[in-house]
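**Student:** Chain by chain, the residues run as shown.
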Amino acid sequence: MMSPQTYRLLACVLVFSAIVFAFVGCDRLHGKPTEAAPTVIGSPSWTQSTFNTSCLGCHSKGAEGAAIPLMNAGYWKVATDAHVIQVLSHGQGVSMPNYLDSDGGPLTSDEIAALVKGMRSMWGAGSLGGQGAQGGHAGQGDISATVVAGDAASGAKVFATACASCHGTGGSAGSVTDPMYLRLISDQGLWSAVVYGRTELGSPAWNQPMPNHPTGLTTTEVADVVSWIAQARPVSKAQGQAKVQTKSQPKNQNASDTK
Amino acid sequence: MNREVILKLLKSPAQWIEERTGVVAFSAPLLFHHVPRSAKWWYVFGSATLMFFTIQIVTGICLGTMYAPSASNAWESLRFIDEEIPFGWMLRALHGWSSSAMVVMMAIHMLQVFMHGSFKFPRELNWITGVFLLLTVLALAFTGQVMRWDQDAYWGLGIGAAIVDRVPVFGDQMRALMLGGPIIGGETLNRFFALHVFILPGAAIALVGLHMTLIIKNGISEMPKPGEIVVPSTYREGFEERMKKTGVPFFPDAVQRDMVFCGVCLLLLVFLAAYYGPFGPGGMPDPTLINTNPRPDYPFMWIFGAVSLLPPASETAIMLVAPVVGIVILVAVPFLANSGERAPSRRPGMMLLAVVVVMAIVALTWEGVTSPWSPVMDGWSALPTPTQFVKGRTPLQMQGAVVFQFAQCRNCHELGGFGGKRGPALDEVATRMSPDQLIRQVQQGGGNMPAFGKNLNSAQMTAIVDFLSTLHPENEADSAIPGAQLPLPIKSPLTMNTVSSGAETPAGIHSR
Amino acid sequence: MSDNTKGETKKEGCVGCGCGGGGGGRPAAVPQDARRGFMFKIGAGLLGIGGALAAVPIVGYIVGPARSRYRNQWVDLGATTAFPSGQTRFATFLNPIRQPTDGDAAKTACWVRCVEAGKFQVFAINCAHLGCPVRWFEQSKLFMCPCHGGVYYQDGSRAAGPPPRGLFEYKWKVESGKLLIDAGRLPGLEESV
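Chains as they are written, first to last, in this note's numbering: chain A, 1 to 259; chain B, 1001 to 1512; chain C, 2001 to 2193.
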């Protein structure tokens, strides 16, 4: 017969060895470092994290962010891959930086192409519209073909009927013919602002029906009003309209007035 | 006699060994020396430190069997240990966590000794060997971080090299001596490897031996009682008297508390290692991968914090002199006060000093962890302008918000709680500064802000200031501009701009 | 570690520990043996000379790197056309002073600013404060350091933060369309102004 002490001792030894053997048995504890999965360029997680660190600051979602949100199916409908790659690589206007490594940016051309593809699959629900830019609602066709020189005179009329109530003298939304503003935004940017607005912030999108404009604005009307607004942009010998409109200019030259 | 020996040998091999080695006679005083009855839970920290040191030696030797001490292979060999060797990751985790634990235990032990005045006569040298042990262990921790040979290790060495480089006259030579050459490279790793596995552990073992010898020699100090004054001329006799009368043997009386405490520490260590895993290695030690954010290990975070808070003018002097002064003061502690009261309640000045030092180190560590002085490198492109700062803004102000991101302002300034903390948060900047002041600040910088005058054109400047002028609590008007909501709100910046910065007079600004 | 007070302390339990072999305990009974004294001197002398001779290579081996026998060399950064005028670009090169065991650590990075055609500034990657790698921000035309927030203008001059001076610059020259810099040693305070 074993004494109670022996039982107790035996139990202790059993528990002890159980613990130790359990520990020996699992080299797979929480702390074991997992083999880092190699980053696949173009994978959804890569696209998301690249977007989050490089684009989100300005092109946020919803009401956040100061520039046009990219989570906008309408935009992806008219923006061809070639167009977005061009903008992303070499920048646009004054405030869109260039991201291509040969331009001094952080991404290779392959990465930029993969990023554009990934963004389209995330937010661009529809396929590209037709190539034609004439007639119909604004916001159809190829975006780079849509921003065409319009007729400023008729643009003035469009502005008076569609825009002046908010953006005219005394309007609450602020001037869009302020030369300072126009020096910072390209015609492309004006076009996007008119067509997509910032509906989350209360600025209307003119590819949608509006109270006094049941069909929104047509492509021609948008082009006209953009031309009229752009007239107010100051021009100078060294820089100005031509420069602001040039999309392939390296960024740093746009950023500076001097020289 | 022979027969006796044989009998003894048969009876007890241990005794046979004892007769030839004297091991028991040697270790008996270590085990059975009398310690004060009052030595209770306050006295466990030294033992815990020693236990962690033992773990360091065991795990360190194990790691030494697999680690490749070569700059071209070290990083890969660590990945290999982590991923391929059974329990390799666990050994690295134990080594890393035990290292941190040892530093912490040592600090607590030292603090306890300081607060109880245990360093007073006759235990001055106990304290001094302890100080050198502390330095040795910190050196082990730093060289251990170098062993990881990742980006933190590389740039940590760079920081060390830059500090050494500031030594007057010999800085360059000392840096070369430290790095083993003109760059951080293979020789550097091997130099630190020799330090980490030969020189410093050797020194630590010798110092531990000395420290223990002194403990046996001088005895463990009693719990301090107010009024029990240390008088060097009579202390020893009194102490030995009291030990004989009321002392208890270290084994098995006093040791039980050490065993319980060490057991808890050990379990905690195994848990931490098993659950949180090893430290690093971080990114590959390729100095051309510059998208890195070098940070030292925790024991050095307070130094990292301190060097960024020093005034630049006196920085070099402080960086070079402060460590020397600090060590001298630590060594001098027992000589500055080696007799008198030991009780904390009778030494309020010393207690205050200890509290201040601990708080300073904790605060500096916190500063180092949060690093409010570091720009958020991708703040400008990753942190969106919060809704409340873009809602209801004019087109120009919206462009100003874009410029605010574009010009990397966000890297140093917070909006809505996100962004760099180097500069002030700008959520309500319009309540502090008028548009004119804002323009001057953005253009000319100052107060640790770079001047942006040359890098922003007049339109960008106007837009950004117009935007900044709207940053205020919702119920207030835009700063100092009555009627700022009107179109073309800012007149003064235009004039101010043309007047104040002749160099970048906007060419087309007045032509329409 | 020899302990003179050992004999006096009665409670001392360490007597038998065998650590008393260091001093003059055992030979106390030595008579005035002239030969033994002579041998002692000879031994000390031989050990001294031998030790000194052995110490020379040991010290030399350890201290060797501190003697600046490493010289910078001209390193090719590639065609100048890779550095457009008015821009600042990232460039990497393999350090001319390197050992086989250096691995990736021999790779070095720098920032090349083309002020105007044919005129360059080549900045070390290391912040002048404590050596962390600075990053260039094209938009604000600033270099920023991730460690302690040192900031520099595009010409390398200090803009803000703790650095005591501007960025370290490499000497440069253009030869047959290629940009060469004088590189090698880790940039430090002794380097070019």
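In short, the hints are calculated from the structure, not lab data. A portion of the hints provided could be inaccurate.
Claimed, not checked - From chain C, some residues computed to sit far from chain B (all C-beta separations above 12 Å):
no.	residue
1	2067
2	2117
3	2133
Claimed, not checked - Each computed DSBU-like pair below joins lysine-lysine, with the alpha-carbon atoms no more than 30 Å apart:
no.	chain 1	residue 1	chain 2	residue 2
4	C	2173	B	1454
5	C	2107	C	2119
6	B	1225	B	1245
7	C	2173	C	2119
8	C	2119	C	2041
9	A	77	A	32
10	C	2119	B	1454
11	B	1454	B	1421
12	B	1391	B	1245
13	C	2107	B	1454
14	C	2107	C	2041
15	C	2119	C	2178
16	B	1391	A	157
17	A	77	B	1244
18	A	117	A	32
19	B	1040	B	1244
20	A	61	B	1391
21	C	2173	C	2107
22	B	1040	A	61
23	C	2171	C	2119
24	A	77	A	61
Since the model is a prediction, treat every value here as computed from it, not as a measurement. The beta-carbon is built from N, C-alpha and C at its ideal position, and this holds for glycine as well.
**Student:** Are the hints correct? Go through all of them and say.
**Tutor:** Status of the hints after comparison with the structure:
no., hint, in the structure
1, 2067, "violated, 8 Å"
2, 2117, "holds, 21 Å"
3, 2133, "violated, 4 Å"
4, C/2173 with B/1454, "holds, 28 Å"
5, C/2107 with C/2119, "holds, 25 Å"
6, B/1225 with B/1245, "holds, 18 Å"
7, C/2173 with C/2119, "holds, 9 Å"
8, C/2119 with C/2041, "violated, 71 Å"
9, A/77 with A/32, "violated, 46 Å"
10, C/2119 with B/1454, "holds, 20 Å"
11, B/1454 with B/1421, "holds, 24 Å"
12, B/1391 with B/1245, "violated, 82 Å"
13, C/2107 with B/1454, "violated, 34 Å"
14, C/2107 with C/2041, "violated, 55 Å"
15, C/2119 with C/2178, "holds, 12 Å"
16, B/1391 with A/157, "holds, 28 Å"
17, A/77 with B/1244, "violated, 93 Å"
18, A/117 with A/32, "violated, 35 Å"
19, B/1040 with B/1244, "holds, 18 Å"
20, A/61 with B/1391, "holds, 14 Å"
21, C/2173 with C/2107, "holds, 21 Å"
22, B/1040 with A/61, "violated, 61 Å"
23, C/2171 with C/2119, "holds, 12 Å"
24, A/77 with A/61, "holds, 17 Å"
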